[in-house]
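Undergrad: The primary structure of each chain is shown beneath.
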Amino acid sequence: MTEYKIIGITKNFIASVDHLETPYFLLLLENDKKYLIKKSFKEYQIGDTFFINENIEKENKKNNLTIFFFKFQNKI
Amino acid sequence: MIKLIFGYIKGIGRTKFGVLDETLEELIEIAIKEALRDANLKVEDIDIIFISNFLYGIIANQLHLNTLLNNSVNFVGKPIFRTESACASGGSAFFQGLLSLKRYENALIVGVEKMTDIDIKLITKALASAGKIDLYFQEGFIFPAAFALIAQQHMIKYGTTREDLELVALKNHENARLNSFAHFFNKQVSIEDIRNSQDICTPLKLYDCSPISDGAVAIIITRKKSSSRDIEVIGSSFCTDYISFIDRNDFTSFTSVQRAAAEAYKQANINPEVLDLIEVHDCFTISELIALEDLKICIPGNSKGLIRSGAINRNGRIPVNTDGGLKGNGHPVGATGLAQIFEIVTQLRGEAGERQIDTPKLALTHNIGGFGSSAAIHIFKGNK
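So the sequences go chain by chain: A and B. FYI, in the numbering used here the residues of the first sequence are -12 to 63. FYI, in the numbering used here the residues of the second sequence are 4 to 387.
Chain A on its own, in the form it takes in the complex:
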């Protein structure tokens, strides 16, 4: 598990073909100059931290899946 810090947040109101439910948040995450973008329906604050399992992420990316583990955490 790797700890990431939220350094940016935008609340998106624009729907697209594959993301019809809005609004949703897009989080800019940072860990030691490594960045990630994550979608969330839960609101966070800049400076919040949380953990990402990078092994699951790699596997999901390979299979072109969304990151279930992360989203499950967000909806708690």
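Just so you know, the hints here were simulated from the structure itself, not pulled from any lab data. Misleading hints may appear alongside valid ones.
In silico SDA-like links for lysine to any residue, alpha-carbon gap of 20 Å or less [claimed, not checked]:
no.	chain 1	residue 1	chain 2	residue 2
1	A	21	B	105
2	A	21	B	258
3	A	21	B	251
Sample of chain A residues with no beta-carbon within 12 Å of chain B, all distances over it, derived [what the hints assert, rightly or not]:
no.	residue
4	-10
5	17
6	37
7	38
Label pairs and their in silico Cβ distance ranges [unchecked claim]:
no.	chain 1	residue 1	chain 2	residue 2	range
8	B	228	A	5	46 to 54 Å
9	A	0	B	77	45 to 53 Å
10	A	19	B	303	19 to 27 Å
11	A	10	B	274	43 to 51 Å
12	B	7	A	0	32 to 40 Å
13	A	5	B	353	26 to 34 Å
14	B	277	A	0	38 to 46 Å
15	B	132	A	33	22 to 30 Å
Note that the structure is predicted; figures quoted are calculated from it, not measured. Cβ atoms here follow ideal geometry from the backbone N, Cα and C, with glycine treated the same way.
Here the structure of chain A is known, so what remains is to put chain B in place on it, guided by the hints.
TA: Same frame as chain A, now just chain B:
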């Protein structure tokens, strides 16, 4: 220092930008015929053609535009190439057109996009292909969101405010109001309209975003100057960066722009202070402010001072986006970079009418693709 010769702009033509009834082929035809008329040339005088387009393959399932172009104007038998670098497709095509003058006498560059008859949800997805598409599919990362995060980082780092972005939108709509070709020609926009507009991706609102537009622009370039209306190109550079937003080290500047600008200034043998006029790629209002910093018009973080003081207004020290920019003129992606050149040529010839600035001599265009993943910088010298 050896003076580099890039070429001269001999003819320009364009359609109005906006929600248009014409087909893609008809838009191309109008722009090319107007450019030929302006250059006083015939189809037979053109040796090579470049067509700039980003989206038609995705949204209309039609590629091979280099040959489709012959349906608009008959160039059968001549070399025609399609150029695509997302929103920098126009600048990229112009760059390649200049390179072709080493072999050919006259080149024509045409940029076109037909976007408004497609569902906005599809357009949003199609535009996301200018970035790494995985981030769109997996996370719903779309372009307004990227520039919203960029704006937020700029605000945190430099103290840029929402009010600064509103002033950029206001200025560009003021300029577009006087441009009969512009998407928002004659549209009166107040600071209250901008401030009260709907949220798109916080902190960006509707008036921070350039519109979805149809339109076409054509430019004819030539190896030798033959008229006092010909405008010389004295700098031409194109640089790239990683395609993915998250592969950057800095979200408040674009390395590709900084490098391309440095190279173009060196070619032109000028410093940014001597420029009289600039057209920058304000796909979102924050993009205009970052462009001014990347182009070294001011130091990083100080672009807010330029918009607050009025220095980049039409009557300011260094007017920016006198045609309304992407924000007010419109953003038919494949045509955008060439529309910037159209405005520069119009101003340098002294033919901009009500929005004409005082005797400009040196001007620059800044056209980016993606999150600054591609950057085309061109510098022009007028005859006045």
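Undergrad: List in ascending order the numbers of the hints, as given earlier, that are violated by the structure.
TA: 1, 5, 12, 13
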